[in-house]
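Hey, can you work out the whole structure from these sequences and the hints?
If you're matching them up, the sequences are chains D and F in order.
Those letters in the first sequence? Residues 0 to 362, by numbering that gives the first Met the number 0.
Those letters in the second sequence? Residues 0 to 362, by numbering that gives the first Met the number 0.
To be clear, the hints were calculated from the coordinates, so they are not data collected in a lab.
Watch out, some of these pointers could steer you wrong.
[Said to hold, decoys possible] Selected chain F positions facing chain D (in silico; Cβ < 10 Å):
| no. | residue |
| --- | --- |
| 1 | Asp-16 |
| 2 | Pro-35 |
| 3 | Ala-90 |
| 4 | Glu-107 |
| 5 | Gln-146 |
| 6 | Ser-147 |
| 7 | Val-150 |
| 8 | Phe-159 |
| 9 | Lys-161 |
| 10 | Thr-164 |
| 11 | Ala-170 |
| 12 | Thr-280 |
| 13 | Leu-281 |
| 14 | His-284 |
| 15 | Gly-288 |
| 16 | Asp-290 |
Where is the CB? At the ideal position from N, CA and C, for every residue including glycine.
2 protein chains.
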Amino acid sequence: MAKKRLIDPYGSELVEDYTKLIADFHLEKFDASLFPKPNRLMRRGVVYAGLGQKIISDAIKQKKPFYVLSGIMPTGDKIHFGTKMVVENIAYFQKVGAEAYILVADLEAEATRGVSLEQARKRAFDFHIPAYIALGLDPKKTTFYFQSENVEVMRATALFSKKVTLNQFLAMYGNADPGRIIGAITQVADILYPQFKRRMPGVIPVGSDQLPHILLTRDIVGRMKTQKFVPPSTVLNKYAPSLDGSMKMSKSQPESCIELPEDPKIVCKKIKRALSGGRDTLEEHKRLGADVEKDMAFELLKQHLIEDDKELENIYKKYKSGKMTSGEIKEIACEKMTEFMNTFEKKLEEVKKQVSKLKFVKA
Amino acid sequence: MAKKRLIDPYGSELVEDYTKLIADFHLEKFDASLFPKPNRLMRRGVVYAGLGQKIISDAIKQKKPFYVLSGIMPTGDKIHFGTKMVVENIAYFQKVGAEAYILVADLEAEATRGVSLEQARKRAFDFHIPAYIALGLDPKKTTFYFQSENVEVMRATALFSKKVTLNQFLAMYGNADPGRIIGAITQVADILYPQFKRRMPGVIPVGSDQLPHILLTRDIVGRMKTQKFVPPSTVLNKYAPSLDGSMKMSKSQPESCIELPEDPKIVCKKIKRALSGGRDTLEEHKRLGADVEKDMAFELLKQHLIEDDKELENIYKKYKSGKMTSGEIKEIACEKMTEFMNTFEKKLEEVKKQVSKLKFVKA
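This is how it looks when you write it as structure tokens:
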């Protein structure tokens, strides 16, 4: 591992090079052939790396118990497109047989962001949980809990904390303020929680910035002498690229960042200003074809808005050959994004009515 | 505060100079006149410093609610004489009107010493809780809890952790491994727990090595913006001196350390070999009198074995003037220690039968 930290789960540092990340952290390249009917993100290289993919693949094929788990960080009242992708991967693993666990990281939100438990609870119920369901999570097959109500998780932080040194924590996270440490070790306890009663493989889909939590958990599992957990597996998404072409959408640049929900009219304006793969003149565009790889509107179609591979390929070819203009691509992206946003909002409202019926694990 | 840490709640560093400790940490000298019927330790300078003594004194005099709290560290199956003194101070404050809270620091024991929650529970019930009661704690007027069963305490660690930085922790504790941090912040939550429902003053009697926990708690209380706690008060005991005359009894030197329980015959042998204030020859002893201040057997009489001030003064005068020999002092110490040990063992057995009836706060 390089001395320089490449990733920071609490900040906004960028991964300069995904290949370097794979090498530096001894990750596996993602292998879509291991998984039945891989989803859009898996088919299109957005899921690019993993750890322990084989054990999850085997569990799926042999119909053995395994779990998928993710946490909701209940800050704000919008979802980042990076989070949307994680939810889509959770929904995928749930469909192929995983027990799903969604926890509300209210203790972590309090320890790292100063959000009170009450605020966290309200935000989770009012928005985040409904949003996850609107994005494809099947609530009937999901176990939900709040960290602050899960006694076993809270207890286990003491146990796991004994297995890490300060220097190790500093090397992995850069920052080791007590709040950060408690937040991270609570997350380790979350990641292993489904195994407290019964050992089984589990997959934690994450964005690349969350990799340290996975590595910390696997490391702690390796140091446990009496309690032997199955090291958690993961699949990693690339960042949702910023509309200006830089690597990661960030709220600090709202003109290049789309969040959920957001007014489709504003989103369309942002798309119109997004970095395009079109050439300087129409004549040149027709002659050379588009530079599709740097076109952010096309990237939105590919990552989020077009499910059908053939439909996408068709557009790709027309754009690449210069038959379609960048304006047309932006038009399609705007149209499909508007439809997506409207559908999302509609589902969200429907789901909100049902949230009170969800079953939560309580202390 | 000096850069050099003088005290380490997890180690065995010595406080070279109690006066320096008072100056370095801005402590108050202990003022026995503030407290009604001060106990043996308070009258004889064993309790030597404090913080926030006035608010506790006022609460006692005005019969206002306040609490006394202490934790049991459930490692081992013996009690150190330093712990005995803390228990005597708890019993004192309980008698003068404090609500008493005794927590079993099972999470801290797990995080800092690797003791499992099950082991901790067994040790607490089998020995530590009965021992505290045998030493004077009134169980009927005491609230007991295990950290791992107190959801409010576990939750609050996240809240309080946000109020400390790593550097601050390093400066106070020297060691900031994640287990230590979680252990210490759980203790902060314990110290404030009686105030979660109702704000009131509280006194936490400690040995000098536990001072950092009090300072950390007071510091965190000062940083809380929305929840305003009363900063906890404390009274500090000197260390139980080693029988060889060095500052602190330590298990690593068993020949100079007495623990509870211990076979009185072995204890008497240790007392016989203890540092004495007697002179080299009997003639010299009669002429010069004893060097009482360095006599460890007399120290045991003073700190632990003689309740009656006049009886102690009588012995002091006779010894100081050379009328009594160091052998006679050791004889008295051995006799009284044997009686104390036997009484303690007897009480312990009685109390053990009743422990199952104690009421515990549970999640």
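Evaluated hints:
For F:Asp-16, the shortest C-beta to C-beta distance to chain D is roughly 30 Å, which exceeds 10 Å, and the interface hint is violated. At about 39 Å, the closest approach between the beta carbon of F:Pro-35 and any beta carbon in chain D exceeds 10 Å, and the interface hint on this residue is violated. With a least beta-carbon distance of about 29 Å to chain D, the hint placing F:Ala-90 at the interface is violated under the 10 Å criterion. Here the hint on F:Glu-107 is kept, as its CB sits about 7 Å from the closest CB of chain D, short of 10 Å.
The criterion of a C-beta within 10 Å of any C-beta in chain D is met by F:Gln-146, whose closest approach is roughly 8 Å, and the hint holds. At about 5 Å, the closest approach between the beta carbon of F:Ser-147 and any beta carbon in chain D falls short of 10 Å, and the interface hint on this residue holds. Hint status for F:Val-150: holds, given a least beta-carbon distance of 6 Å to chain D, under 10 Å. This hint holds: F:Phe-159 has a C-beta 8 Å from the nearest C-beta of chain D, less than the 10 Å allowed.
Evaluation of the F:Lys-161 hint against chain D yields a held restraint, the C-beta minimum of about 4 Å falling below 10 Å. With a least beta-carbon distance of about 5 Å to chain D, the hint placing F:Thr-164 at the interface is held under the 10 Å criterion. Annotation: interface hint on F:Ala-170 violated; nearest CB of chain D at approximately 13 Å, more than 10 Å. With a least beta-carbon distance of about 56 Å to chain D, the hint placing F:Thr-280 at the interface is violated under the 10 Å criterion.
A distance limit of 10 Å between C-beta atoms decides the matter here; for F:Leu-281 the minimum to chain D is near 56 Å, and the interface restraint is violated. Annotation: interface hint on F:His-284 violated; nearest CB of chain D at approximately 53 Å, more than 10 Å. Taken as an interface hint, F:Gly-288 does not check out: its beta carbon lies about 53 Å from the nearest beta carbon of chain D, beyond 10 Å. The beta carbon of F:Asp-290 comes no nearer than 46 Å to any beta carbon in chain D, farther than 10 Å, and the hint placing it at the interface is violated.
Hint check: violations occur at hints 1, 2, 3, 11, 12, 13, 14, 15 and 16; the rest are consistent with the structure.
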